[in-house]
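If you read the protein sequences in the order shown, they are chains A and B.
Under my numbering, residues 1 to 399 are what the first sequence spells out, in order.
Under my numbering, residues 1 to 540 are what the second sequence spells out, in order.
Note that these hints are calculated values from the structure, not bench results.
Hints may be right or wrong, so weigh each one.
[What the hints assert, rightly or not] A few chain A positions that, by computed beta-carbon distances, are all more than 10 Å from chain B:
#: 1; residue: Tyr118
#: 2; residue: Ile248
#: 3; residue: Trp342
[Said to hold, decoys possible] The calculated label-pair distances, taken between Cβ atoms and stated as ranges, are:
#: 4; chain 1: B; residue 1: Ser252; chain 2: A; residue 2: Ser236; range: 15 to 25 Å
#: 5; chain 1: B; residue 1: Thr393; chain 2: A; residue 2: Asp240; range: 47 to 57 Å
#: 6; chain 1: B; residue 1: Ile72; chain 2: A; residue 2: Gln176; range: 39 to 49 Å
#: 7; chain 1: B; residue 1: Val367; chain 2: A; residue 2: Thr258; range: 30 to 40 Å
#: 8; chain 1: B; residue 1: Leu26; chain 2: A; residue 2: Trp47; range: 24 to 34 Å
All values derive from a computational prediction rather than experimental measurement.
Yeah, the Cβ is synthetic: ideal placement off N, Cα and C, and Gly gets one too.
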Amino acid sequence: MKLRILTLRSFSLLRHFSFLSVALLPFFVVGIIYWSYIFIDPYGLIWGAPPRLNDKPYPDNVRARLLRAVETENFDMVLIGGSTVMSITPAMMKASFDEISRPFNFSYGVPLPADLKYILGRLAKTKNIKRIIVAVDYSLVSPLDQMSVFFPIKNYTSSQFNPQSWFRLARSFNWQNADGALNLLRTGTLSFSWQNSNEWPEFMRRELTAFTGVEWSDFAHGEGDISNPRPSAVQSRFRDAVDRYRDIVDAPAGIGCTEVPAATHVLRPFAQEAARHGIKVDAFFPPYATVAYYDWLSPKSFLALPRRTAIFDQLLTLKRCVVEALDGIPNVAVSAFDNEDWITSNIYTYYDTSHIIRKSVYRYILEKIEARSHVLTVTNFNEFESRFRNRVRNYTPDF
Amino acid sequence: MLFVESHFIFIFLPIVIALFYLAGTLSGKYAALTVICLSSVVFYFPNSIAGDNPNISHLVLATSLLLASVAINFAIACYLTDEGTKSHTTARKAVFTIGMTLNFGALALFKYTNEFLKLAEGTNYAPLIAIGIPAGISFYTFHQAVVLSDCYNRKSETLEVFKRSASDDVISRLKAYLRSAISYGAFILLFPQLVIGPISYLAEIAPQYLKRSFGKLRRIDIAIGTTLFAIGFFKKVVIADYLGGIADSGFSTAAAGGTMAAARAWQAALAYYGQLYFDFSGYSDMAVGIARLFGLRFPNNFDSPLRAVGIADFYQRWHMTLTRVIAKFLFTPLSLWGTRFAADRVLSGWKRKTVALWIPLWLNFFVIALWHGATSTFFLFGLVHGSWYILETEIKGAKLWRRYKRATSERQRQIFGQFIATIGLILTFALFRSSDLPSFARLLTSMIGRGEDGVALPISSLDWAVIAASFAIVWLLPNAYELLGRYRPNIKTFTNVTMTPWWFRFEWRPTPCWGLFVAVLLAIAFVKLGTKIPFLYGQF
Numbered sequence: 001m002k003l004r005i006l007t008l009r010s011f012s013l014l015r016h017f018s019f020l021s022v023a024l025l026p027f028f029v030v031g032i033i034y035w036s037y038i039f040i041d042p043y044g045l046i047w048g049a050p051p052r053l054n055d056k057p058y059p060d061n062v063r064a065r066l067l068r069a070v071e072t073e074n075f076d077m078v079l080i081g082g083s084t085v086m087s088i089t090p091a092m093m094k095a096s097f098d099e100i101s102r103p104f105n106f107s108y109g110v111p112l113p114a115d116l117k118y119i120l121g122r123l124a125k126t127k128n129i130k131r132i133i134v135a136v137d138y139s140l141v142s143p144l145d146q147m148s149v150f151f152p153i154k155n156y157t158s159s160q161f162n163p164q165s166w167f168r169l170a171r172s173f174n175w176q177n178a179d180g181a182l183n184l185l186r187t188g189t190l191s192f193s194w195q196n197s198n199e200w201p202e203f204m205r206r207e208l209t210a211f212t213g214v215e216w217s218d219f220a221h222g223e224g225d226i227s228n229p230r231p232s233a234v235q236s237r238f239r240d241a242v243d244r245y246r247d248i249v250d251a252p253a254g255i256g257c258t259e260v261p262a263a264t265h266v267l268r269p270f271a272q273e274a275a276r277h278g279i280k281v282d283a284f285f286p287p288y289a290t291v292a293y294y295d296w297l298s299p300k301s302f303l304a305l306p307r308r309t310a311i312f313d314q315l316l317t318l319k320r321c322v323v324e325a326l327d328g329i330p331n332v333a334v335s336a337f338d339n340e341d342w343i344t345s346n347i348y349t350y351y352d353t354s355h356i357i358r359k360s361v362y363r364y365i366l367e368k369i370e371a372r373s374h375v376l377t378v379t380n381f382n383e384f385e386s387r388f389r390n391r392v393r394n395y396t397p398d399f
Numbered sequence: 001m002l003f004v005e006s007h008f009i010f011i012f013l014p015i016v017i018a019l020f021y022l023a024g025t026l027s028g029k030y031a032a033l034t035v036i037c038l039s040s041v042v043f044y045f046p047n048s049i050a051g052d053n054p055n056i057s058h059l060v061l062a063t064s065l066l067l068a069s070v071a072i073n074f075a076i077a078c079y080l081t082d083e084g085t086k087s088h089t090t091a092r093k094a095v096f097t098i099g100m101t102l103n104f105g106a107l108a109l110f111k112y113t114n115e116f117l118k119l120a121e122g123t124n125y126a127p128l129i130a131i132g133i134p135a136g137i138s139f140y141t142f143h144q145a146v147v148l149s150d151c152y153n154r155k156s157e158t159l160e161v162f163k164r165s166a167s168d169d170v171i172s173r174l175k176a177y178l179r180s181a182i183s184y185g186a187f188i189l190l191f192p193q194l195v196i197g198p199i200s201y202l203a204e205i206a207p208q209y210l211k212r213s214f215g216k217l218r219r220i221d222i223a224i225g226t227t228l229f230a231i232g233f234f235k236k237v238v239i240a241d242y243l244g245g246i247a248d249s250g251f252s253t254a255a256a257g258g259t260m261a262a263a264r265a266w267q268a269a270l271a272y273y274g275q276l277y278f279d280f281s282g283y284s285d286m287a288v289g290i291a292r293l294f295g296l297r298f299p300n301n302f303d304s305p306l307r308a309v310g311i312a313d314f315y316q317r318w319h320m321t322l323t324r325v326i327a328k329f330l331f332t333p334l335s336l337w338g339t340r341f342a343a344d345r346v347l348s349g350w351k352r353k354t355v356a357l358w359i360p361l362w363l364n365f366f367v368i369a370l371w372h373g374a375t376s377t378f379f380l381f382g383l384v385h386g387s388w389y390i391l392e393t394e395i396k397g398a399k400l401w402r403r404y405k406r407a408t409s410e411r412q413r414q415i416f417g418q419f420i421a422t423i424g425l426i427l428t429f430a431l432f433r434s435s436d437l438p439s440f441a442r443l444l445t446s447m448i449g450r451g452e453d454g455v456a457l458p459i460s461s462l463d464w465a466v467i468a469a470s471f472a473i474v475w476l477l478p479n480a481y482e483l484l485g486r487y488r489p490n491i492k493t494f495t496n497v498t499m500t501p502w503w504f505r506f507e508w509r510p511t512p513c514w515g516l517f518v519a520v521l522l523a524i525a526f527v528k529l530g531t532k533i534p535f536l537y538g539q540f
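Bound conformation, chain B alone (with noise of 0.2 Å):
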């Protein structure tokens, strides 16, 4: 079930809020939580696989490992977070261990197997789990992997959601477990972020759960929640998938051998840019928008990435929920595990800098290619990103760097900044969508004049203006946090500079006008009602 299919919008959600509120409003917050699990497997199961004819028995499968997997967890949490097991520290280092290979294993094991025997087979490779991939599998893997890591480190915020009764009374302590048992249940297989994230932190969530308004029925959570998803879905809907169309057809006659048009590789390459941008943007506004339906307000996972003046702004907007993950548990002990080595070993000058932060950061840049799939060019994506960081950190550290910082102004270094960033992450981005290496070449020996123009495909007037008015919205329009700053729409992920042109600073509030501009989004959105193009960031 996907966020802009008719039967999740009018069906599913409409359904889930009326029994959350209503649970919530007679029967407490735990009611309204438990209303949350089950609806959220009740939309797991029928998408729990891709495509479109899956078996039902792998959609039984798939369901089973994910409900396996929050049970497991919520076992090896409760264990981690007890007080009687809090000075067995080898036991806990043990069961922590346990848990984290279970977790990344099953992992591997459904994402990666059949990817290296295709790798290492060719194309006719026999897949080892015939399922194929179960959805969300990398999101709700990571969401239980932080747990873990939370509980083992006895999290204050974390604790609170394991937290047992104190009376000797079994009733009372059965009650605790079940009560925590609903809460983490509820964050993880919490719909909004079960699939494609984004991800988030228990200790950002539980204290939602906990607050004597949750589950009571507010009207400012509905308006922002509302004007979230519109925004969102009109630009899933409306723009990325149009924004997609161009791309596919100039990526699929590379794929299929061809070359074509310079104009036409560019138009490819641009339009793919856009339409990552704004599907997986759009799903993360949407995701906001329906948990603030709940009255959730979840991180923030986009922040104007395309305005990016470099690499690191890139990282630091683009997938954040992501990055800060992997910057938590990857980038960082690796980090202070060189430091701490060249420290030892008494290292320094370019050998420091090898182990405590040029490789931690191609491991984490490595791993985050291997988190979109184990395929080549995921692989030369995250070296490519990975040095293009050290470059750029490297350079900024340098005496020259300082020399043209006072030589310029923050605009123009922010405006050269900006062109620099963004060819090279078209460039990059295409490599990312080809489907393999020979692919990408021909891509590139078109962008450079050198293709024929294979089929001929005419080239459209109406998709270059779509592709300026999408990158105007781009680079002149608010994002959708911005517009809706004054109400704080969601957890604060990095602290980023606004980069919005002032007199397109427009501040959203809760009156007739803005509802009206609502409305204009929804009614363009739902033309597109029964297209089911999947969103992008669900294949990973």
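The shape of chain A in the complex, shown without the other chains (with noise of 0.2 Å):
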């Protein structure tokens, strides 16, 4: 009866309103959030400077705009790579590298090697950057020209008199950025409200439990622990793929370094640029799960390479052309994990083939980075691929 009375009461409340001024109070709130956004313009597009960041991992659509910010907020490291090493914060990078103190991940889905040339060719000569991690992924067999749809190149190419620009911001609202915005405006560093509650890609929380069958809030009470086994399905089709493409996963792949352009037409020119300046450079593989290059040849496999075909060659052309490349470089080093067989032999490493899931294979990898104890030469490379490819052919699963 109360409930009755008080809710009378509150509807009758709403005749002293018209019709329009109730219709319409969200589009008036929501259009001041909006204006508001424009204004404070918190990516620096058009009239916003760049913003400060603080040392939290940023989502993971956010960071791809925050090279101004990278290049002028004193990071002594930056890590860039793609949606395998999107999920090394700041804090393990910290943890690993002794002399660096202000690191950070500017890491986004599929890097390709033109927009990879344009990050790296300003990361070079930003001052205060004593090293940069480049973590090479398949992604980059692909042509000099191919720009990954993830980073947004035109916005470091606005102007304040250019109307694209302004369309550019005006299209860009959404409540993430909302967010930012008025915390920048709070605070004066560019955050978000849940910035700190997920230091996992967004995309792996979703798709974890679609491949491993474990929700995402046991897994993360679980730190990187998978108790549940996989769903049989994958498990079978991962089987499947190694029954059939045994004989060929290690076909050739008759590709040179010509047509693997961006180990000399990106890596090699930063290397040396950043060598000038002084900028120690580490390369390294993200090892993917030996099963990877069977369920890649499978036409039900989801992974998208620019050739079908003999992939674990393509990629090991991919690893020699860099290593040639890089070679000789001052201050560069090359590593790789592939042969760490309990790494990569192990699925449950991995929430699906290529993306680590465990924390503690992130810090493994970090450390011997910095340690440069997993070092690929032109000396040592036939050694190592040879190790690679005998594991990979006679590979067994075991689940």
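Combine the two chains into a complex, taking the hints into account.
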């Protein structure tokens, strides 16, 4: 009864308002937030200055917009790569590298040669950076003119006098950006209300359950342990792939460094420029699960590679070309972890076949990069290749 | 620029509305129409080619194509409506034919050339038209073709738009041309209907321009427009986009060569059926609502089609403005021609029906299918719907049906019809959504429980709840036009029987309580601002 009176009373209050004043209230409230976002311009697209950043991991879809801020924020180490290293946090980096006090992870979805060249070119000239780590993924097998859809190059070529720039700013509104803008206004630092709650990329959280049958919340509390087995359908898909592609898994791709131009046209000029500025460079290959080289040959696989055949040999060629391209440049090292059996043969290291889900593995990789204990050179590459090839060829699923 | 994008809602629309009413109040209706013309070009330009990063030169080309098309059609319409050319039958016919050929030629060139090349040469085809498909080309082609046809037939409402000055004074004559050009341009370019319809007739919209109240702010127009906009916005961003996520995962698994568990396949098919309705009807509601913000009433495009009792009923409720335009300009002339042909040759029985009804119906559905794109799935979709329509027409004309009608109640027939229609439509729209025929076959295989659960995606109970809630809205609640029926929110395209249960037949009024309803819809929809999921029909 009381509830009814309250309801009637609250509705009777509505009599004092007209239809339009009530109906359009959300429009005016959200409109004010929208226009505030436009005026604040939190990413410095047109009239805003590059924002101040904090030392926490930024959301995946935001990081690629922060290049200007990274240049002005006195970071001393930058990690750049794709989805395979998005989960590495500044805290992990800081813990693994002794001389580093302010690292930043600038990884975004599927970096491609054109955007990587642009970013590395700018980072190599950035003051205060002492070390740059580049995660070299399969996407760098792509042609030189390919640009990632996740890197908003046009943000960096905006100007106050170009209507296209205004249009881009007007279109870029979403609640996450609005939250960032309001926090920037309030605290002077670009931050997001949900920035600290999740150290793992959103897409990994979403797909974890699909691939492993484990809920994100259970996984997060277990500090990386997948207590339940994967759904059997995924396991059987992997086993089928191993049976079916055993004979062709390491077939020659018939390509050389000409077909992998990113090594000589992107990484080498960058490393030379960085060396001139006294910046230490580490290129490394995020290790994929051994079963990936079988699974990716299957048409059912979700991987988007320019060439769908001889994938193992294509990636091996990429590795060889990168090692050759960076050979002899001072302060540059190339590391690989593919022959670490405990990482790559265990499918539970990954939530699929390439994205590592255990923090301990990331920490191990970072420590070994710092120690430069897994370095590939022109001299030891053949031995690495031979071991790697044998491991992949003789791989037996243990699940 | 999409209706659901923040810059449309908070920058473009308020500015255009303000300028429109300012111009209308200070300088009259032609100034207000000029605001519509110019703002529509601004609206069209950035989205004139689909895609996130279209080439600027392609945008210029697509916008130029639209403007050139408007100019050429206007010139042809002026010729066809000129009193002086009334007696030049052959010349008028020739000019009309040229106009139609140009319109449909451009549509074929820009929309279908690449598609046919792809069909003929497989995935390695070299695109002949590199700029992509100009947005809205199907819609503005149909709009202009209808105008030319009305001009050729000298329809009185259309002639009014192209009325010449009786004076010999050059300035007066130029002014008359300018007024015609502005009225015609404002109709074709009118941004609420430019990209995804509805397909209205100039004869429906132009008389509204001529009203004395046009260009003058009326509170009731804003109230109705806001309500329709809010309903459409909610349908699109809250319901359709959620259902789209469910549908996409199932259809993309089938497209990638996989199969899935039966429940998941049915979930995907059901979700797509709902998504397409909420997406497209949501767009139409928003378009009708935006038009009403300018004091204009558009024809109705949807009338609870998911409650249809058969395929014929479905097409009287689904994308009604396309159905009526194809019926008017294709089916009716073809059927008349077939009837005459059958009479001349004294054909009877199935031979007469084939010529007078079946072939025109098949062609009708073939064109509807082709309108969506030249792919094998659309062809099969058109073929199935055409055959279904013929079968249903024949069954309803048979003695057996009359006996069945006597033996059953209206309600029983309605439920039975809805059951058959719903199953058939879910399956055929799954075909419509599939990327190719093998993908559709995989989905069907999964639906009958013969697929292996490839990636074992979990089946969420929330997804089922949303699907159930969406279909409850479809089956129980009044549609936007029933809700606002008292205020004649639109022009009736077809008259259909309402199937809303009487206890849910709410009636909207511009009261604070209904204002609260609209505010809640808007507030929930605003949560999804910035998601940028395009309207499904934008691709057609």
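Okay, the hints, checked on the actual structure:
1. Tyr118: holds (15 Å)
2. Ile248: Non-interface label on Ile248 (chain A) holds, nearest chain B Cβ at 19 Å vs cutoff 10 Å.
3. Trp342: About 26 Å separates Trp342 (chain A) from the closest Cβ of chain B, which puts it past 10 Å; holds.
4. B:Ser252 - A:Ser236: 15 to 25 Å: holds (21 Å)
5. B:Thr393 - A:Asp240: 47 to 57 Å: With a Cβ separation near 50 Å, Thr393 (chain B) and Asp240 (chain A) satisfy 47 to 57 Å, so the hint holds.
6. B:Ile72 - A:Gln176: 39 to 49 Å: Given about 46 Å between the Cβ atoms, the range holds.
7. B:Val367 - A:Thr258: 30 to 40 Å: With Cβ atoms ~50 Å apart, the hint is violated.
8. B:Leu26 - A:Trp47: 24 to 34 Å: Given a distance of about 33 Å, which is inside 24 to 34 Å, the answer is holds.
Checked against the numbered hints listed earlier, the structure breaks hint 7 alone; every other hint is satisfied.
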